[in-house]
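S.K.: Each chain, written out:
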Amino acid sequence: MIKSIVKYTLISVFSILIAEGFLNLVYSPTILMSKWFTSNIHTPDSSLYYIFTPNYRGWMRHKDKTFLKRLTLDNNGFRNPAMNSAAERDIVLIGGASMIFGYGMEDSETIHYHIKNNLDLPSNVFNTAWAGTNIHRNFLVYKRKLENQINPKLIICFFYGENLKSFKEYKNISNILREEKQIQDTSSIIEDKKKTIDKLFFYSRDQVFLEPQYGIAKRVGYLYYNSIIIHSLSNNLDDLYFRVSQIKKKLFEYALTVLKIPTDQNKKVELNAGIKLSDSSFFVDYINSITSYFEGKNQRVLFVFLPTPGAEKRYYDEIVSLMPNSVDYIDINKELHEKIKENEFIAIGHYSKKHSEIIGKFIASKVNSITSQNCNGQVKSSFSMHSKCSRQSITP
Amino acid sequence: MIFTSIKFLIFFIVVYSLYIFFFKTKKDVHYQNLLLVIASYIFYAAWNYKLLSLILFSTIINYLFSLSIYKTKNKKQKKTYLITSITINLGLLFFFKYLNFGIESFNYLMENIGLNAHFSTLSIILPVGISFYTFQIISYTVDTYRDEIKPTNNFVNFALYISFFPQLVAGPIEKASNLLPQITNKRNITRNDISKGIYWITIGYFKKIIIADNMAQYVEYSFQNLESTSGVISLLGLVAFSLQIYGDFAGYSYIALGISKLMGIDLTKNFNRPYLAISPRDFWRRWHISLSFWLRDYLYFSFGGGRVSNFRKYYNLMLTMVLGGLWHGASWNFLLWGWYHGLLLIFEHILRDYRISLPFTLRIYPKVKRVMKIIAMYLLTLIGWLLFRLSDLSMLPLYVKNVFTNFHYTDNCLPIATPIGITFLCLIGLHIIQEIKGNEMIILKQPKEFIYSFYTIMILMIISVSGKTVPFLYFQF
Chain A
1 MIKSIVKYTL ISVFSILIAE GFLNLVYSPT ILMSKWFTSN IHTPDSSLYY
51 IFTPNYRGWM RHKDKTFLKR LTLDNNGFRN PAMNSAAERD IVLIGGASMI
101 FGYGMEDSET IHYHIKNNLD LPSNVFNTAW AGTNIHRNFL VYKRKLENQI
151 NPKLIICFFY GENLKSFKEY KNISNILREE KQIQDTSSII EDKKKTIDKL
201 FFYSRDQVFL EPQYGIAKRV GYLYYNSIII HSLSNNLDDL YFRVSQIKKK
251 LFEYALTVLK IPTDQNKKVE LNAGIKLSDS SFFVDYINSI TSYFEGKNQR
301 VLFVFLPTPG AEKRYYDEIV SLMPNSVDYI DINKELHEKI KENEFIAIGH
351 YSKKHSEIIG KFIASKVNSI TSQNCNGQVK SSFSMHSKCS RQSITP
Chain B
1001 MIFTSIKFLI FFIVVYSLYI FFFKTKKDVH YQNLLLVIAS YIFYAAWNYK
1051 LLSLILFSTI INYLFSLSIY KTKNKKQKKT YLITSITINL GLLFFFKYLN
1101 FGIESFNYLM ENIGLNAHFS TLSIILPVGI SFYTFQIISY TVDTYRDEIK
1151 PTNNFVNFAL YISFFPQLVA GPIEKASNLL PQITNKRNIT RNDISKGIYW
1201 ITIGYFKKII IADNMAQYVE YSFQNLESTS GVISLLGLVA FSLQIYGDFA
1251 GYSYIALGIS KLMGIDLTKN FNRPYLAISP RDFWRRWHIS LSFWLRDYLY
1301 FSFGGGRVSN FRKYYNLMLT MVLGGLWHGA SWNFLLWGWY HGLLLIFEHI
1351 LRDYRISLPF TLRIYPKVKR VMKIIAMYLL TLIGWLLFRL SDLSMLPLYV
1401 KNVFTNFHYT DNCLPIATPI GITFLCLIGL HIIQEIKGNE MIILKQPKEF
1451 IYSFYTIMIL MIISVSGKTV PFLYFQF
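Sequence order for the protein chains is A and B. Taking the working numbering, the leading residue of the first sequence gets 1, the next gets one more, and so forth. Taking the working numbering, the leading residue of the second sequence gets 1001, the next gets one more, and so forth.
FYI, nobody ran anything at the bench for these hints, they're computed from the structure. Keep in mind it's a predicted model, so treat the numbers as computed, not measured. Mixed in with the good hints, there may be bad ones.
[Unchecked claim] Subject to a maximum C-alpha distance of 16 angstroms in a straight line, what follows is the list of computed EDC-like cross-link-like pairs (lysine to aspartate or glutamate):
no., chain 1, residue 1, chain 2, residue 2
1, B, Lys-1078, B, Glu-1148
2, A, Lys-3, B, Glu-1449
3, B, Lys-1186, B, Asp-1028
4, A, Lys-7, B, Glu-1449
[Said to hold, decoys possible] Residues on chain A that point at chain B, a partial pick, calculated with CB under 8 angstroms:
no., residue
5, Tyr-8
6, Ile-11
7, Ser-12
8, Ile-18
9, Ala-19
10, Leu-23
11, Tyr-27
12, Arg-70
13, Ile-229
14, Asn-236
Cβ atoms here follow ideal geometry from the backbone N, Cα and C, with glycine treated the same way.
All chains should be built: construct the whole structure from the sequences, respecting the hints.
M.R.: This is the structure in structure tokens:
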């Protein structure tokens, strides 16, 4: 009996190894694990949660879902192909996540590339955007990696799908601007999963692969990252547990509704309604603080709102409407609505060369117009310019 | 409801549990058949419930016609019934599948000869499996007419023959002489049936999920980016497509075979290691066997078959293959693919009929000759798959140009070549072993430890990889 158990255990181990080996040969583990990038692009970081690995060479996913778009990062972990030796000024791009990062695009197809190549004044345009990273984490990365190396004339801050509520965490903004602070994930789906899933199970944020925080995944670590079978089995268990919990939750809520007992959901809605105005003030505080921060260093700030599709569009509309009059911003959605339809939004900066070019050239033209304006000039509509004489010039 | 979905798994567990339960009842065959008919209609309705009325209409009409054909003694009357039945069936098939193709082709022709006739196409849904069950119905009525079978009086049995869910949407196209007796008679499920059924289902899932779905992404990449990738990638994409279409179709067929076997029903084997074919004729004895035999029995033989002059035989072959190509889809590339295979068959027949031997093969060791033939046939098949895959034939010159003038190594060649190469070698290796041993179930003949390991590997791989349910390619036919 024991002999039989040992025999079949050894056969099982051998079979697992064969299956793992075969899958690794014929499959891209990164596709199976629904990653955005090939392995090791993320390096855990105690205060920033993760950073992109410096001098990384790997692949991104093409729009056909094969991992066949080459990706190279510089010694800061940024996507910055060759600098312009004849540059007369530096410009920095912050935020914009995967869109400004240029996920799924060659270096010569990104929005960053088109901005750089359409400026009247030769400039080094530093792209500090990272896929899957919100604007503030991006800002902290810029502070750590580049701020002390360059003196940019213009900082372009991109908003892409930013949630109004997420600005609450920046409420002690002056402290955060001076020091790094660990940024928690505020995606509501992941919050739900975190609360629902016990420490027994695994956790990964969307398709961006981060250090697992809980239970077995934290202990197996390497195997979870690199074993297709362990990763798949754990995710399947994860999903099954989550779905069962959701069913239980829905049944429970239904029972409460039938019995007419007030639920947490109702209370949450009231709470949310109560703090709606406060969310706005956090956002406005953030905008003013960022602007003051850079203007304190004699650097001009330009905010750009990138087209955001689907359910997140309402966040975009919300925060655009809250923009203070005293800052410069571009509403791409409004400016280019005739050239880019809403169903094309997700393609921009990701898979569509045409749209990247349109947006890149448009932003470059706006930057050029700031450069060429005199003290009394003013551009109309959504690209608002205020007090040009008092604002820092972006020419050298 | 595709076979690789959770929904189907739950559906099958419920149906199979009831099916086994009915074994304990007195009228087990009757209840089982009723259960299977209802389950089959539920299965079909899951695709589109509105089109259920279509299959029901076809079933009722052909049930009545085949009984009329059988009961009528008057030959002329028999023929009238047969022609009417075939006309209705093909009429429905034409309407749903070929009408828009006909309109578009007509408009194109008018435009090119300078006439300004333009007809609008209609918004028609293509019913899933219509090509398969229509051919199955036609085989039934023709066999009845030819007195090869006695049609059944039992409507439930007939309905089950037409709509049996494992083979309803993508074959195999079953002859009544094979399937109907199994439906009508009492069934037994032995341990051997269960063992074979599980084996075929496992193999089917492996071919679909591990081979076909994986190759699909490389096929998509290489064919969508002909202008920007090298000829090496284009060629690799074509090899990947040969694996994809085999894995997809054979995978489905094996799952259908396995599910039926679990119920004590034997369906026709639809694939027999097609990439080991040594000639075009051999290929069509190994690829989509049920369609190949249908084309032979109901088209080729009806046209006169081989019992005519050589020229007439070649004409019959070409016509059969062109119609066979068109069966796959209402598109010029399928027609061209059929024509191409017709050409290959005619060429083989010419070599045989006029006893011509290709000079360079005369003095070669037989086993080496066989290997050369297999390689040559595979390459010829690849050319056919190119025509099959390119729905836009205007891309054909670009593809050819890419392969012949842009054939160089690029950064992404190795990441693409590795999975395709390994998949190809594993599949062909397994087929070679099966071919040499002359036994497809060679794995089940091994010691139980080996079988345990085999199933562990298969199940782990299938569970690990089955994240998305990708539709079967042949569903579109």
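S.K.: All hints are to be evaluated individually against the structure, with a verdict given for each.
M.R.: Hint-by-hint comparison with the structure:
1. Lys-1078(B) / Glu-1148(B): holds, 14 angstroms
2. Lys-3(A) / Glu-1449(B): Holds, at about 13 angstroms.
3. Lys-1186(B) / Asp-1028(B): Answer holds: Lys-1186(B) to Asp-1028(B) is near 8 angstroms, not above 16 angstroms.
4. Lys-7(A) / Glu-1449(B): Between Lys-7(A) and Glu-1449(B) the Cα gap is close to 9 angstroms, so the pair holds against 16 angstroms.
5. Tyr-8: Given a least distance of 7 angstroms, the restraint on Tyr-8(A) holds.
6. Ile-11: Holds, about 5 angstroms.
7. Ser-12: The hint holds - Ser-12(A) has a Cβ within 8 angstroms of chain B, the shortest such distance being about 6 angstroms.
8. Ile-18: Check passed: Cβ of Ile-18(A) comes within 5 angstroms of chain B, closer than 8 angstroms.
9. Ala-19: Cβ of Ala-19(A) sits 4 angstroms from chain B, so the hint holds.
10. Leu-23: holds, 6 angstroms
11. Tyr-27: holds, 6 angstroms
12. Arg-70: holds, 6 angstroms
13. Ile-229: Constraint on Ile-229(A) satisfied, holds at 5 angstroms.
14. Asn-236: Status holds, d = 7 angstroms.
Checked against the numbered hints listed earlier, the structure breaks none of them; every hint is satisfied.
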